[in-house]
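Generate the whole structure from the sequences, applying the supplied hints.
First to last, the protein sequences are chains A and B. Per numbering that gives the first Met the number 0, the very first residue in the first sequence carries number 0; after that it's consecutive. Per numbering that gives the first Met the number 0, the very first residue in the second sequence carries number 0; after that it's consecutive.
Warning: the hint list may mix true and false statements.
As the list claims (entries may be wrong) - Capping the alpha-carbon separation at 16 Å, the derived lysine to aspartate or glutamate pairs in EDC-like fashion look like this: (1) Lys-53(A) - Glu-98(A); (2) Lys-44(B) - Glu-106(A); (3) Lys-7(A) - Glu-27(A); (4) Lys-44(B) - Asp-22(A); (5) Lys-216(A) - Glu-20(A); (6) Lys-79(A) - Asp-132(B); (7) Lys-68(A) - Glu-58(A); (8) Lys-133(A) - Glu-106(A); (9) Lys-53(A) - Glu-6(A); (10) Lys-29(A) - Asp-62(A); (11) Lys-64(A) - Asp-24(A); (12) Lys-53(A) - Asp-132(B).
For the record, the hints were derived by calculation from the structure and aren't laboratory data.
What follows is the residue order along each chain.
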Amino acid sequence: MGIIRFEKVTKSFKDQLVLNELDLDIAEGKTTVIVGRSGGGKSVLLKHAIGLIKPDSGEIFIDGKPTTKLGEFAHNELRKIFGMLFQEAALFDSMTVFENVAFPLREHTRKSAAEIATIVKERLNAVGLVRVDKKMPSELSGGMRKRVGLARALVLNPRIVLFDEPTTGLDPIMTKAINSLIIDTQRHFNLTCVVISHDVESIFEIGDDIALLYDGKIVEHSDTFSMRNSTNPLVKQFFSGSQEGPIQII
Amino acid sequence: MANAAISLLESLGIAAIRICAEAGGVLLLLIASLRWMFIPPFRIKEIIQQMEFVGVKSLLIVLLTGCFTGMVMTLQIYYGFKMFSAESLVGSTVALALLRELAPVLTALMVTARAGSAIAAYLGTMRVTEQIDALCVMAVNPVKYLVVPRIIACVFMMPLLTVFANFMGIIASYFVAVKILGINEGIFIANIVKYCGLSDLYNGLLKATCFGFLIAVISCYKGFYTSGGAEGVGRATTEAVVASALAVLVCDYIITAMML
Chain A
0 MGIIRFEKVT KSFKDQLVLN ELDLDIAEGK TTVIVGRSGG GKSVLLKHAI GLIKPDSGEI
60 FIDGKPTTKL GEFAHNELRK IFGMLFQEAA LFDSMTVFEN VAFPLREHTR KSAAEIATIV
120 KERLNAVGLV RVDKKMPSEL SGGMRKRVGL ARALVLNPRI VLFDEPTTGL DPIMTKAINS
180 LIIDTQRHFN LTCVVISHDV ESIFEIGDDI ALLYDGKIVE HSDTFSMRNS TNPLVKQFFS
240 GSQEGPIQII
Chain B
0 MANAAISLLE SLGIAAIRIC AEAGGVLLLL IASLRWMFIP PFRIKEIIQQ MEFVGVKSLL
60 IVLLTGCFTG MVMTLQIYYG FKMFSAESLV GSTVALALLR ELAPVLTALM VTARAGSAIA
120 AYLGTMRVTE QIDALCVMAV NPVKYLVVPR IIACVFMMPL LTVFANFMGI IASYFVAVKI
180 LGINEGIFIA NIVKYCGLSD LYNGLLKATC FGFLIAVISC YKGFYTSGGA EGVGRATTEA
240 VVASALAVLV CDYIITAMML
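If you want it as structure tokens, here you go:
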């Protein structure tokens with residue numbers, strides 16, 4: 000069993016069925032990229048993994064433990080093994096870069112101010128940011144915000160890091176930089192990474208495994224080599240970007 | 000005709016369901032807030048920050064409101080009472096109106112406009128930019144971190160602001176009555192002391208506390224459950240102000256009816 004396992008997970012919003020008895024096993028210590036059409040439920044899937052959304056039915060196992068019936072306190076404990084980089088970084092507007100990265104340390108550790116300052120500086124340096132600690136998030140570029148978000152996501156040394164479209168809206172150079180950062184971080188800390196991405200080049204660059212979400216289900220899940228050579232018409236159409244095929248353009 | 004009646008009933012039913020759902024949502028948020036209020040760690044820093052925002056930063060506007068309300072009331076009551084030679088009662092009438100009614104209600108409306116709207120906009124922006132989700136992911140309960148300090152701040156700051164509004168209103172009334180309209184200073188003060196008791200002040204402060212609670216809970220609810228991007232934040236802010244102001248006025252009537 001993988002570190003994250005979805006078992007027959009179903010989720011609807013009003014009349015719209017987003018996840019339909021979805022099964023997925025995410026392997027530990029690897030980067031799994033979840034791909035699929037825009038609005039197809041990828042972010043919803045990611046939010047289920049961390050308990051931000053509860054499924055209508057089915058079960059989600061983290062480290063082999065069922066999580067859907069966990070109480071508030073137990074779920075909070077479980078979340079401490081996760082880090083998450085949001086699509087727009089979700090930095091706290093009212094805090095400086097330093098305060099944003101220091102926030103999880105202040106909340107969950109008893110480290111002194113000096114220790115926190117050292118760790119924050121290390122983390123910011125690791126994501127290639129220097130002399131920005133006193134800046135507000137509004138003063139940063141999109142790429143810098145994502146890197147601060149990554150520093151914050153990694154500051155408590157999580158085992159699992161979730162990335163919600165980490166390179167969307169970035170220029171090719173910054174996309175490459177963020178991809179390298181994800182690869183280096185994953186290897187350095189032996190993390191389990193789950194990435195949502197639309198960028199085909201990035202998907203094959205950072206992914207060990209790729210899962211294609213279509214019509215509320217995972218229709219193909221394999222390593223990058225098998226995915227690249229897949230004969231599944233859905234996979235072929237998705238990666239070729241063709242308008243002809245089983246995936247309907249609505 | 001029958002179709003129009005059915006359509007009307009359907010609209011009324013939808014509106015009733017929406018109101019019940021909103022009331023239920025507010026109640027659930029309130030229950031969660033009360034629960035987290037008593038679970039450590041107690042976020043003293045956030046509470047003090049919110050007290051500064053709701054209380055200290057609203058002080059000037061509340062003082063101005065109290066001042067001009069006292070002045071206008073004095074003028075109006077003076078010209079009314081002059082008709083039957085009761086000018087000596089102007090001070091006590093203005094003071095009673097301020098203590099029991101005007102200071103708590105007008106302070107609440109000003110706090111709604113300034114702090115309630117800001118609370119809804121701030122939490123709404125945090126919601127639509129996934130900052131509230133980020134708090135959850137970092138294993139920090141957003142109700143405890145964001146809602147509880149704002150409720151405590153509003154509940155404690157509203158009575159204090161009302162005291163300042165009372166004070167400023169009565170001082171302003173004194174200047175208009177004694178210095179401009181020529182009412183005897185001794186009579187003005189003696190009648191206030193004679194007709195206004197501590198119970199009048201306490202009534203007003205009890206109302207202010209209830210209003211603070213309502214403003215905080217409604218504004219937090221509207222902001223906390225915002226959806227729909229920037230437009231949603233704007234809508235949530237407007238709804239927070241309208242709903243809080245209405246709740247203050249309805250609550251004012253209920254408390255007044257119970258106290259009399």
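Restraint status (C-alpha distance of Lys-64(A) to Asp-24(A) at most 16 Å)
Given that 16 Å is the threshold and the Cα spacing comes to 13 Å, the pair holds.
Can the restraint linking Lys-68(A) and Glu-58(A) be considered satisfied, given a maximum Cα separation of 16 Å?
Status holds; Cα separation ~9 Å.
What's the verdict on Lys-216(A) and Glu-20(A), does the C-alpha distance respect the 16 Å limit or exceed it?
holds (7 Å)
Given the proposed pairing of Lys-7(A) with Glu-27(A), does the C-alpha separation stay at or below 16 Å?
violated (20 Å)
Are Lys-29(A) and Asp-62(A) close enough, with their CA atoms no more than 16 Å apart?
It holds: about 15 Å lies between the C-alpha atoms, which stays within 16 Å.
Check whether the Cα positions of Lys-44(B) and Asp-22(A) lie no farther apart than 16 Å.
With Cα atoms ~44 Å apart, Lys-44(B) and Asp-22(A) exceed 16 Å; violated.
If you draw a straight line from the CA of Lys-53(A) to the CA of Glu-98(A), is it 16 Å or shorter?
violated (30 Å)
With a cut-off of 16 Å on the C-alpha distance, tell me whether Lys-53(A) and Asp-132(B) pass.
holds (14 Å)
Verify the proposed pairing of Lys-53(A) with Glu-6(A), using a straight-line Cα cut of 16 Å.
holds (13 Å)
Within 16 Å, alpha carbon to alpha carbon, are Lys-79(A) and Asp-132(B)?
At roughly 14 Å apart (the allowed maximum being 16 Å), Asp-132(B) and Lys-79(A) satisfy the hint.
Next pair to validate is Lys-133(A) with Glu-106(A); report whether the Cα-Cα distance is within 16 Å.
violated (20 Å)
Between Lys-44(B) and Glu-106(A), is the straight-line Cα distance small enough, at 16 Å or below?
holds (13 Å)
Checked against the numbered hints given earlier, this structure breaks hints 1, 3, 4 and 8; the rest are met.
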